[in-house]
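Chemist: Take the sequences, apply the hints, and build the full model.
What follows is each chain in one-letter form.
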Amino acid sequence: MEKPRIGVYVCWCGTNIAKMVDVEAVTNEIGKLPNVVISKNYKYMCSDPGQDLIVKDIKEHKLNRIVVSACSPRIHELTFRKALEKAGLNPYLFEMANIREQDSWVHTDRTEATKKAKALVAAAVNRVNFHEPLDARTVDINPSTLIIGGGIAGITAALEIADAGKTVYLIEKSKSLGGYSSKIDLTFPYMTSAQQMIKPLIVSVKTNKNIQLFLETEIKEIFGYIGNFESTITPKNGKEVKLIFGNIIIATGLKPSDASKVTNYGYGKIPDVITSLELEEMLLKGKIVKKNGGEPKNIAIIHCVGSRNKDYHEYCSRTCCLTALKYANQLRSALSSSNIYELYADMRSMGKGCEELYTATSKRNIMFLMFDQQNDLPKIKQADGKDYSMLIEMNEKLSGESIEVPADMVILMTGMEAHANAKEIAHAVGISMCGNSFYIEKHPKLDPVATTTNGVYIVGGCQGPKDIPDSVSQARAAAARIMGIMAKGSVTVEVTTACVNEDICCGCQTCIKVCPYTAISFNEEKKVSVVNEILCKGCGTCGSACPTGAIRSRHFTDQQIISQIEGLMSMSLSLELEEA
Amino acid sequence: MSQRVDPTLAREIEKFGKGTWNECFHCGNCTAICPLTEQGFLFPRKGYRAIQMGLKDTIEKSVEPWLCYYCGDCSSKCPRDANPGETMMTLRRYLTSVYDWTGLAKKIYTSKIFELAAILVISLTVLVLYVSFTFFPSDEGSWIGNDGGVLINNIAPWKRIHLGDWAIAAMLAFLLITNIFNMWLKIIVKDKSVKVPFYAYFTEIFSLAWNFLTQRKLSKCDNAKTYWILHLYLMLSYVALFTMIVFFLEWFQTDTVHPIWHPQRLLGYIATIGLFTGIFYFINNRLKKSKENSKYSHYTDWTFLVLLFLTTLTGILLHFFRINGMPVHTYITYLIHLMVLVPMLMIEVPFSKWSHLAYRPFAIYFANVKKSALKRQDKL
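One line per chain: the protein sequences are A and B, in this order.
Position one of the first sequence corresponds to residue 1 (the numbering used here), numbered consecutively onward.
Position one of the second sequence corresponds to residue 1 (the numbering used here), numbered consecutively onward.
Wrong hints could be hidden among the right ones.
With the C-beta cut set under 10 Å, the calculated list includes, among others, these residues of chain A facing chain B [to be verified]: (1) N298; (2) M347; (3) S362; (4) K363; (5) I366; (6) F368; (7) E396; (8) S399; (9) G400; (10) E401; (11) I403.
No more than 20 Å apart at the CA atoms, straight line, and that leaves these computed lysine to any residue pairs for SDA-like [what the hints assert, rightly or not]: (12) A/K513 <-> A/G224; (13) A/K206 <-> A/S176; (14) A/K297 <-> B/L9; (15) B/K225 <-> B/T214; (16) A/K379 <-> B/D6; (17) B/K61 <-> A/P91; (18) B/K15 <-> A/S337; (19) A/K397 <-> B/N29; (20) B/K56 <-> A/G400; (21) A/K255 <-> A/S176; (22) A/K363 <-> B/R80; (23) B/K18 <-> A/A360; (24) A/K397 <-> B/F41.
It should be emphasised that the hints constitute simulated quantities derived from the structure, not laboratory data.
The C-beta atom is built at its ideal place from N, Cα and C for all residues, glycine as well.
Modeler: Listed below in structure tokens is the structure:
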């Protein structure tokens, strides 16, 4: 290995760093370290002149290692790696020291902050000595897509991709397509028919030559990585089919939570306490009747059933408030002389046209009553009176009064929760779930449909409760992402992966158990672990778990990390001694 | 004890005015900016909620609508245009009908036709009684006095008119007292949350007279100084004229034409100016809809103003014809004057808008009585 010639660049970040860190002192101190050829500071390293400075120095001074001490590597690591590439240097011969988020922004003592900056930069310099050039890797993309779930999100994504001429395998576990969209009567906020919306889409899916539909089928296992996944499925009344595909969209949706868990409401015990889906059934049939066949005169709609309460689910199911408003309108139109009560915790009617729906509903002679969802749920008691069979006792929040609401039909707005088998699917495709069993997106703001597993996308309810427009938007977004990758034909994948030294590996398979990305398999013939470099994210879990030291994480080798710690400690120590 | 909600109550109250309470989403701005609301007597938001939920007991025992003088600040600051001020007004109309045991207030407030018919019936009754008990001036010469003025007591002797006055005054007193008793039952007796000690009725009696005579609370409303002064002037003028007619008619309805600085004429003129300024101010506001409290007019608001205007106008004409010696004109104008004055008194005072002259000071009195009781019990 040639002798390292390191260039160090300390950034001021305007005044962000310079006001709390003496950048000149850091530059001088670091310049004294071994192998450091050049040590400079500049106002904005990320600017074009800043990057040009690095490129120029690499060429003039034959630098082969670069350290930039500036902001977080999450922000500008790629920027500087590109600058290295431009100068003809391998981009991995670079290290960044974060002296902004981890130093100048969080400290108030300039002397101490400067000392810390010196230590952080020294650590980076020590580490970069041991950096190795790594090569980028590309994989070809199979132009077929697997979509799991045939609800509105899955259908939309399937049509979007199939209409672009690419093959789609659409897998649905139930007998029919459409999901919950086909079980409801009208949609909010414009009160248009869900049936008229979903039925033509189902026909389009069934007649589309590019879509292979598998009903009553479930996915058991998926192997491979972006561009080259494969799975064997067993459709009902058919023989095994092996599918090969380049990308996966998970659109498994959600299910309503169990209303009987909220014991205050007596679901399953008191007749005429029904769930929102049971009401949808009645609305689809066109007849709203009580168990005894009579027309209800006092209808109470209770919000947040199983949502926003630590005893059930803490999250908001998002669509129930508006669905409840939709019911109030439908019931008001169908039963003009009935009394309608909305018992709500907070009215959450955000979204286009939704607050307007609330305003319009509030003018239709509907009584809105507010209760405390966290500590004081209403209680339904059976009673016997004219036009009511129940009395709902509650403390009304806005008036501060204890009241009773007569009712002969109660509709429970059940929240949404993840499917019981959400974990199995997550495991099959190698993605993670949050505490509520919703799949976790790659970035909550900037990459909401991708996952940390390349080539796997999550759309619709499986990522969290959402309404039809949002599910459809996500479906189209994922489809567009996949078609973009297909158009390119190949993708570059991360090279900071783990690799196994087969001579040292003892075959204990500890690494296989700890790998969160199912990237390690076992070679039965050689009795050693094998890392799939496409699936590996370079998290390093296997490397630290390996009892023999057979696993080496590229770009995070033991030597690199130890030298980084040494750099940090020796600089801190020498500064302490100097002071003493 | 829990109260049963009643969705039909809002529809019932809606008949008494403008029902915009469904717009309210309970931000509480109205209560926050109201200069008159205070701890223990919060309005207007709470009243809104009681209507929305149909809490009949809460509304019937509430004194708060009467503590509002309708400056309209709440309505102008309402982010939802829910018009809290007008809702308080509507509640006052509704409460008037709740206190009124005869049931006539409700009919008058909810039916234009009934109100008009009632006015006509009373007017015609006055016509019949007037023609039967007064004297038409057949010989013009004998009806004029030495000073050139009409000898009015030869046409309508004050003693006879007095009989009618007293009959009306007795009836009004009876209705108002019984209705106020009803109001007291609802506001104080029915409210079990506070026990009012007997002495509190005496210690607070001063506030009853003080608020009746000064309308001090109205002056505390923001941007309502003109409103307060004109409202007070109008009210005092009315009370002065009413007192003179009912108790001092002999002194007020004289055959002699006094000099202009004579207290009888001077008082009459000052009161007439008070009435007219007020009437024009309120009519102008209602026509232009220039203020929050005049944007919406219930028909009873107009009936009251029109009757008061006609009474004042005929009163002025009567005086003019009398001092200028025009007996026929005097006779006819006197008749018209009574035909508008009597229905105004008999309908407006016990059953309609004018009743607030009694309910409002009594409401403040009852509120003060309650407040002193609450303070004694350390609940305030």
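Chemist: The structure should be examined with respect to each hint, and the outcome stated for every one.
Modeler: Okay, the hints, checked on the actual structure:
| no. | hint | result |
| --- | --- | --- |
| 1 | N298 | 9 Å, holds |
| 2 | M347 | 8 Å, holds |
| 3 | S362 | 5 Å, holds |
| 4 | K363 | 5 Å, holds |
| 5 | I366 | 8 Å, holds |
| 6 | F368 | 7 Å, holds |
| 7 | E396 | 7 Å, holds |
| 8 | S399 | 4 Å, holds |
| 9 | G400 | 8 Å, holds |
| 10 | E401 | 6 Å, holds |
| 11 | I403 | 5 Å, holds |
| 12 | A/K513 <-> A/G224 | 18 Å, holds |
| 13 | A/K206 <-> A/S176 | 11 Å, holds |
| 14 | A/K297 <-> B/L9 | 16 Å, holds |
| 15 | B/K225 <-> B/T214 | 13 Å, holds |
| 16 | A/K379 <-> B/D6 | 18 Å, holds |
| 17 | B/K61 <-> A/P91 | 80 Å, violated |
| 18 | B/K15 <-> A/S337 | 18 Å, holds |
| 19 | A/K397 <-> B/N29 | 17 Å, holds |
| 20 | B/K56 <-> A/G400 | 15 Å, holds |
| 21 | A/K255 <-> A/S176 | 16 Å, holds |
| 22 | A/K363 <-> B/R80 | 13 Å, holds |
| 23 | B/K18 <-> A/A360 | 18 Å, holds |
| 24 | A/K397 <-> B/F41 | 18 Å, holds |
Going through the hint list in order, the structure does not satisfy hint 17, though it satisfies all others.
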